[in-house]
Amino acid sequence: MAKKIILGILLGLIFQSCNAVKEYEKVAINDPDMKLSARTSERYETTFQVYREAAAGANGGKSGGGCGCN
Amino acid sequence: MVVNQVVVVDVINMIKMKKIVIALSLFSGIISSAQEKDSTLVFKKRVLESVEVDFLLSYYNQDGSKSAVSGGIGSEELTDIATNIVVAMPLNDDAVLTVDLGISAYSSASSSNINPYDNGGKPTPWQASSGASQSDQLTSVTANYAHSSDSRNFIWNADVSFSNEYDYNSVGIGGGIAYLFNDKNSEISLKGNAYLDKWNPIYPKELNDYEKYGANSINGTIWDQNGQATINYSPTAFKTISSVNRNSYSASVGFSQVISKKLQFSVFFDVLQQQGLLSTPYHRIYFADKANYYIGQAQYIPNYESESNAGVYKLADDIERLPDSRFKLPIGARLNYYINERFVLRTYYRFYSDNWDIQSHTASIELPIKVSDRFTVFPMYRFYTQTQSKYYAPYETHLSTEKYYTSDADLSTFDANQYGFGVNYTDIFTGAKIWKFGLKNIDFRFNRYQRSDNLEANIATIGFKFVMQ
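Chains as they are written, first to last, in this note's numbering: chain B, 1 to 70; chain U, 1001 to 1469.
Mixed in with the good hints, there may be bad ones.
Stated by the list, open to error - In silico PhoX-like pairs for lysine-lysine, Cα to Cα no more than 20 angstroms straight-line:
id, chain 1, residue 1, chain 2, residue 2
1, B, K35, U, K1191
2, U, K1290, U, K1403
3, B, K26, U, K1261
4, U, K1261, B, K35
5, U, K1370, U, K1440
6, U, K1045, B, K26
7, U, K1370, U, K1261
8, B, K26, U, K1370
Unchecked claim - Residues of chain U placed beyond 12 angstroms of chain B at every Cβ, according to the derived structure:
id, residue
9, E1049
10, L1091
11, L1097
12, D1118
13, N1208
14, S1234
15, S1242
16, I1369
17, E1402
18, T1430
19, G1431
Claimed, not checked - Listed next, the stretches of chain B that the computed footprint assigns to chain U, with coverage defined by at least 3 CB atoms under 8 angstroms from CB atoms of chain U:
id, stretch
20, 28-36
21, 40-46
22, 51-57
Hints in this document: simulated from the structure, not taken from any laboratory. Note that the structure is a prediction, hence the values are computed from the model and not measured. Virtual Cβ for every residue (Gly too), placed ideally from N, Cα, C.
Let the hints inform the model, and build the full structure from the sequences given.
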């Protein structure tokens, strides 16, 4: 049931987006704080989290290489 | 007859005229097309206007009581200072070359206790020794080339990376494509990476000496659990590692969507496969079904597991052993909402699962507050939880009959809370200058990390962005 609700919300969001936002309407979307990626200065936090936690990936960053052994 | 000749000549002339008209039309079409292309070139906005340089500096420290080097017990104290210089250069209107140079220097109680016996006769898992393995440095370089189409709706990139530290080096290659559509409101991206890594294995000192020089090679008296001198220490489970490569392959699919003038989200699906030596050769293991042996001062044996142990160290039964394959499946999503001119909401969630039976959830929230035209402060919070690997067991609870074993607490069950704040200063007019470079941005952030198994860490980062003028 929960999966269906999540799927419904996602589909709803996607279909809502069919009305494309024009470039001149993207003042808020283009705000630097609205970027859909980690901040440049966040990279070291991501690195230590990959070392200290088992999970990695799915954050748009590096997901391999290096031993992470200390 | 003459009339016929005239008619034929007229027809020939007409055909010639038609050819000329067609040729002229084609020529004018080509010229027109070329002019259009030229005008496109003239008015095409460069992907990157000028050279940008990011200078980043980070300080990190941590402490805990479950050192994997000491078999899941002992100090995890570690200090790391890292710096990176990232230079992005426009090669032409469409292409950008980014070079990222990094160096990271650390000192660590854990790694120093690969050889704890050079601590003035007082080896202990609770303090750093003064061994050569106490400190090390990691150097890395990454070069990335990105090219955008004239419409800026298609971007491809390729990268290559190298990193090196004392006992480990890594070579990476990767590439990806991104396609924007729906008036640049939607984007789909594909990415692939391969890292070909190689260990230069270092083993715990007592195991290394046992393997090389035999049972009586350890310098100093060995004590049994009762504090009696003994010569029975014999870690027969230990064998050196013959295969030292670790290869990591990843593929990622991303989709992002502008939902409204103030709301957008992205989702990432990654698949990661690791093969080769996935354990760390200097992580000790103590078996529950094997006798204990110590070196140092025997009076500290009864309180070995307490921080009051100031002078005895337990000899390892083996090193951590883990399968040579691991399949990881993380799925992540970001949702950002522009509340108003003062507040933005940034959120992130990730579910992770792998075939070592680890599952985790990560959720983070950040609330940038624009306090003026130039300053933004952003409080942030991150929650993380994971279940333990099927190969993990705490200090001295593995059995020697098991095939795989680790006492690395990073693979155990725990929750973690991370909270902190950041300050961002932006000057779009780059008023402050150093040589030819104007200062565009300063980004500072501090975070405190607390794990439910008592590991604690602090990290501070400052970044400067300069733009060539």
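Status of the hints after comparison with the structure:
Taking the CA atoms of B:K35 and U:K1191, the gap is near 19 angstroms; set against the 20 angstroms cutoff, the hint holds. For the hint linking U:K1290 to U:K1403, the alpha-carbon distance of about 15 angstroms falls within 20 angstroms, and the restraint holds. Proximity of B:K26 to U:K1261 is assessed by CA-CA distance (about 6 angstroms); at most 20 angstroms being required, the pair is judged to hold. At roughly 14 angstroms between alpha-carbon atoms, U:K1261 and B:K35 fall within 20 angstroms of each other, so this suggested pair holds.
Only pairs whose Cα atoms come within 20 angstroms are accepted, and U:K1370 paired with U:K1440 is accepted, the gap being roughly 17 angstroms. About 18 angstroms separates the Cα atoms of U:K1045 and B:K26, which keeps this hinted pair within 20 angstroms; it holds. Using a Cα cut-off of 20 angstroms, the hinted pair U:K1370 and U:K1261 holds, with the two alpha carbons roughly 19 angstroms apart. Distance restraint check for B:K26 and U:K1370: the Cα-Cα separation of roughly 18 angstroms lies within the 20 angstroms cut-off, and the hinted pair is therefore satisfied.
A cut-off of 12 angstroms between C-beta atoms confirms that U:E1049 is not in contact with chain B; the least separation is 16 angstroms. Against the 12 angstroms criterion, U:L1091 stays outside the reach of chain B, whose nearest CB is about 21 angstroms from its own CB. Distance to chain B confirms U:L1097 as a non-interface residue, since its nearest Cβ pair spans about 17 angstroms, more than 12 angstroms. At the 12 angstroms boundary, the C-beta of U:D1118 stays outside the reach of chain B, the nearest C-beta of that chain being 19 angstroms off.
At roughly 17 angstroms, the least C-beta separation between U:N1208 and chain B is larger than 12 angstroms, which holds for a residue marked as non-interface. With 12 angstroms as the threshold on Cβ separation, the claim that U:S1234 sits away from chain B holds: the shortest Cβ distance comes to roughly 27 angstroms. In this structure U:S1242 is separated from chain B by more than 12 angstroms, as the shortest Cβ-Cβ distance comes to about 18 angstroms. A beta-carbon of chain B is positioned within 12 angstroms of the beta-carbon of U:I1369; the least distance is around 10 angstroms.
In this structure U:E1402 is separated from chain B by more than 12 angstroms, as the shortest Cβ-Cβ distance comes to about 19 angstroms. Under the 12 angstroms C-beta cut-off, the non-interface status given to U:T1430 relative to chain B holds; the minimum distance is some 15 angstroms. A cut-off of 12 angstroms between C-beta atoms confirms that U:G1431 is not in contact with chain B; the least separation is 18 angstroms. Look at the stretch 28-36 of chain B against chain U: 8 of its residues bring a Cβ nearer than 8 angstroms to a Cβ of that chain, three or more, so the hint holds.
Residue count for the stretch 40-46 of chain B with a Cβ under 8 angstroms from a Cβ of chain U: 6. That meets the three needed, and the coverage hint holds. Given as covered by chain U, the stretch 51-57 of chain B passes the check, having 7 residues with a CB less than 8 angstroms from a CB of that chain where 3 are the minimum.
Of the numbered hints given earlier, the model fails hint 16 alone.
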